[in-house]
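*Asks:* The primary structure of each chain is shown beneath.
Protein chains: 2
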Amino acid sequence: MSDTVTAAILVIGDEILSGRTKDRNIGYIAEHLARIGVDLREARVVPDIEEEIVAALNALRTRYDYVFTTGGIGPTHDDITADAVAKAFGVGIGEDARVIAMMLERYPPGELTPARRRMARIPDGADLIENPVSKAPGFRIGNVIVMAGVPSVMQAMLDNAIIGVKGGAAMLTANVDAGSLPEGRYGDALREIAEARPTVSIGSYPSYNDGRFRNQIVVRSKDATALEDARAAVEAMVANLKGDAAPL
Amino acid sequence: MSDTVTAAILVIGDEILSGRTKDRNIGYIAEHLARIGVDLREARVVPDIEEEIVAALNALRTRYDYVFTTGGIGPTHDDITADAVAKAFGVGIGEDARVIAMMLERYPPGELTPARRRMARIPDGADLIENPVSKAPGFRIGNVIVMAGVPSVMQAMLDNAIIGVKGGAAMLTANVDAGSLPEGRYGDALREIAEARPTVSIGSYPSYNDGRFRNQIVVRSKDATALEDARAAVEAMVANLKGDAAPL
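Going down the list, the sequences are from chains A and B.
For the numbering used here, count along the first sequence from 1 and bump the result up by 298.
For the numbering used here, count along the second sequence from 1 and bump the result up by 298.
Rather than coming from a laboratory, the hints here were simulated on the basis of the structure.
Among the hints, erroneous ones may be present.
[As the list claims (entries may be wrong)] To be clear about the criterion: a stretch of chain B counts as covered by chain A if any three or more of its residues have a C-beta under 8 Å from a C-beta of chain A, and this derived list gives those stretches:
#1 494-501
#2 508-521
[Said to hold, decoys possible] Keeping only pairs whose Cα atoms sit at most 25 Å apart, straight-line, the calculated DSS-like set for lysine-lysine is:
#3 A:Lys320 - B:Lys520
#4 A:Lys464 - A:Lys540
#5 B:Lys540 - A:Lys433
#6 B:Lys520 - B:Lys464
#7 B:Lys433 - A:Lys540
#8 B:Lys464 - A:Lys520
#9 B:Lys540 - A:Lys320
[What the hints assert, rightly or not] Just the calculated beta-carbon pair ranges, DEER-fashion:
#10 A:Glu428 - B:Glu490: 25 to 33 Å
#11 B:Asn441 - A:Ala395: 27 to 35 Å
#12 A:Asp521 - B:Thr302: 23 to 31 Å
#13 B:Asn473 - A:Arg512: 36 to 44 Å
#14 B:Gly509 - A:Leu402: 33 to 41 Å
Just so it is clear, CB atoms sit at the ideal spot from N, CA and C, and this is done for glycine as well.
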């Protein structure tokens, strides 16, 4: 198994691009992947347009080890993800008997409307991903994992979705609170620390509240010894600059 | 002026992909663009890697009327957006005298560290975008608008950034609350309404709380008459199905 396992997220839905709905899936999946040692390398949001979904999916699935999609697997006319995924893979799609059986546990046969039957459309050869909330499953085909868009439903599916996803070495992180020490005062020293340590990635993240910036420096590495060395260097740098008599 | 003006958002930053920071800029910019009649067609999140930023920016700027970027314009070594934008456009980059002058209003000359001077690196030919919070400006070059990543700073820049951005006809929206009426019960009728109205886009958006789904149907169009016709049709459909004696 390679030490580095990569992934991308494809969020599908006009409602995100119109600003009506604020995406919460990218952040949730990102945290989850970090925990299991999968490097999230890219995320995209595309509208409910088949050729856009197909193009983005094909770009991402050839480039990364896994692609996680959210959205567009419900029963209404704007739910076109399953058909787009089948088209991207060049496989057929039809009503899946396994899904119809699941849905009949929830709906009496007379309520299995054509709209609901749409949720049983699964690309040929895909494995189902159980949906503990509302039955209609997600699916996995090749390296693409297709999930619902509603955050609580997606979250319930994700645990099932990542069964079998192989993570690489987990990314370790350490946080150094730079407090109100301005980035402009430590930027040069931090660059030197970062450049001397190629196996470590160091980021500086300001936040702004009540008229003040506060900064966090985050050190990331897959090597625990390198991480600790870098963390100690950053901490010493911050302590040194905070003790410095120069005006902030 | 064309009736349709398009845009994309490019979010730049490892911290979003690692899950450490939850993006709030896509949703904010999306809402803002909808208000001024600009259609957001795509959003991407890429890491702090120059070739990734260049490739994504060139893909987006050739395809859409405007590209809004957030992140990577601070003073630390991981802030590489300005250099990546210059590379994408094939132009030079250097310290901009206008920015140095702005920064000298904030910092005594002795505190204009090399790190801070990095924030004055602006691609040749770019216009500056004022930053009312922390002085270091964003910039606009061609159809690309480069802003800070910290949400409150980005928001303060955005009003200045969109001066001169021409919107098309504004997208009008109407919302019909389907309440607890399941999507699976109205999906077929909604498809008929949508297919009969090609100038209107209709979406169905479930949310899930306390063990129940609730659904909103959103009708969007640039034509007020078509919007009202579709809204009335959706509302009648919902009222009809709610009055229906069939079990939910």
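*Asks:* Hint by hint, which ones does this structure get wrong, listed from lowest number up?
*Replies:* 4, 8, 9, 11, 12 and 14
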